Amino acid sequence: MSATAICIQESPLDPARAIYSTVLPAGEPWLHEVKQGQTLRIVDLDGNQAADVIFYNRHDTDEHYSATDTILQQGGLYLTTGSVLASNEGRPMLTIVADTCGRHDTIGGACAAESNMVRYALNKKFMHSCRDNYLLAIQHSDSGLTKADLVPNVNFFMNVPVTADGDLKFDDGVSGPGKYVELRAEMDLWVLVSNCPQLNNPCNAYNPTPVQFLIWDTAGQ
Amino acid sequence: MTALLPALPAATLLWEETVPGGCHWSWTLPRGVTLRLTARGDGANLSLVLYNARQPLERYNMPDSLKSQHTAHYTRGHVLMSDMGRAMASITADSLGWHDPLGLLLDAGRLHDKYGEHAYQQHRNGMYRAGKDGLLIEIGKYGLTRRDLVAPVNFFSKVRVDGEGRFLFEAGHARAGHAVDLRLDMDVIVAVSAAPHPLDPRPDYAPAAVGISAWRSGPAAADDYCRTFRAEGGRALQLTDLYYPF
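Protein chains in written order, with the numbering used here: chain A, 1 to 221; chain B, 1 to 246.
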């Protein structure tokens with residue numbers, strides 16, 4: 001079992017040596033391959049943005065990131081430096097090797113038109129959502145992914161604490177401008193991202209902002 | 001909280017059975033049936049998943065249900081929602097006050113590490129069963145595969161989370177006789193496993209049996225408690241009503 005308490009760790013990697021870098025505006029999807037041994041950094045450029053991410057085995061997408069296997073294996077709810085993201089086969093998919101934010105959510109899920117109707121009001125259903133992003137990205141891909149694969153995701157930079165009484169809170173983020181999380185891929189992966197467009201929730205100050213993705217090769221380190 | 005729920009009127013009862021500790025089963029059941037789940041022994045656990053029987057691509061969604069209702073535990077009034085924003089089932093009565101929605105499941109590796117090898121060859125039907133495999137067998141009966149297995153509700157178990165996120169399993173939470181009523185708000189495939197909760201600290205594999213009584217409750221009435229307990233649950237029930245216009 002690894003710790004689940006906030007653990008801050010800076011990265012030695014030099015952005016100038018990254019083999020890939022892109023800035024994803026708010027409300028956009030991103031589906032990208034990351035190979036075993038490569039390191040993926042996600043940067044919360046302006047602070048308090050949620051990056052909703054699901055990982056899949058690149059060679060067998062029935063094997064996906066599993067929130068429940070991950071939190072069971074580490075004995076706690078939040079992701080931080082040292083957390084190993086496990087698959088539904090119980091295998092390590094990625095390890096968080098650096099984290100200047102220190103806490104990421106595992107059970108808040110991704111917003112959807114339908115859940116917005118339930119959470120806020122029935123007339124919210126035509127607002128853009130993370131699950132629309134997911135579906136759009138996979139419909140335009142040759143990944144073979146379908147809605148059945150849209151399992152509970154990681155909300156990087158999002159703070160969703162559970163209270164002692166068993167309530168769920170959406171707290172102001174522990175993130176801030178420029179904070180990042182870095183993950184080493186333990187297998188070849190598909191990385192499916194929605195840069196969250198939620199406008200009904202104060203956790204991003206009603207202002208979704210861009211996030212950046214950088215990838216380093218094993219050799220580049 | 002009372003220790004027990006009032007007995008069901010015999011006229012409403014459709015069928016009853018007992019799932020032995022560790023075992024698994026599934027049913028296809030219509031909207032308006034309520035399942036009374038009863039712990040037959042101390043420390044029972046029942047992992048339960050739901051799929052829309054008409055279109056199983058719609059299934060129980062842990063994050064949507066929890067964040068909508070701002071909860072990390074289930075009790076009377078809470079609604080189990082699908083990924084399509086609809087109420088699939090609602091908790092209409094509960095003698096216990098806390099059921100674990102965090103979705104943790106005992107898999108074969110953890111089962112063997114914790115309790116040792118206890119296979120069919122030596123132990124016949126006394127073999128040890130993992131909750132994850134039990135649910136995979138059940139959903140497989142409907143063509144659903146490992147990609148489709150969702151995070152279950154663990155009825156009768158209680159897991160708290162401390163300030164740093166660590167899980168604290170409350171041993172001795174459910175006693176024999178504790179019961180919960182789960183009303184089915186849509187036509188569903190229900191799959192269950194009565195294998196131990198993966199955080200149960202007891203060293204011996206001795207899962208309790210769980211009684212299942214199906215009874216005719218009818219769909220949620222206009223003044224149903226679950227419609228007003230939280231506005232979000234009310235809207236999810238309203239969306240299910242729209243799905244069943246007749």
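Treat the hints as calculated values from the structure; they're not laboratory data.
All values reported here derive from a predicted model rather than from experimental measurement.
There could be a bad hint or two in this list.
Stated by the list, open to error - Keeping only pairs whose Cα atoms sit at most 25 Å apart, straight-line, the calculated SDA-like set for lysine to any residue is:
1. Lys147/A x Asp60/A
2. Lys124/A x Gln121/B
3. Lys169/A x Arg160/B
4. Lys125/A x Arg160/B
5. Lys169/A x Leu242/B
6. Lys124/A x Phe169/B
Checked hints:
no. : hint                : in the structure
1   : Lys147/A x Asp60/A  : holds, 16 Å
2   : Lys124/A x Gln121/B : violated, 56 Å
3   : Lys169/A x Arg160/B : holds, 14 Å
4   : Lys125/A x Arg160/B : violated, 33 Å
5   : Lys169/A x Leu242/B : violated, 30 Å
6   : Lys124/A x Phe169/B : violated, 38 Å
Taken one by one, the earlier hints fail for this structure at numbers 2, 4, 5 and 6, listed in ascending order.
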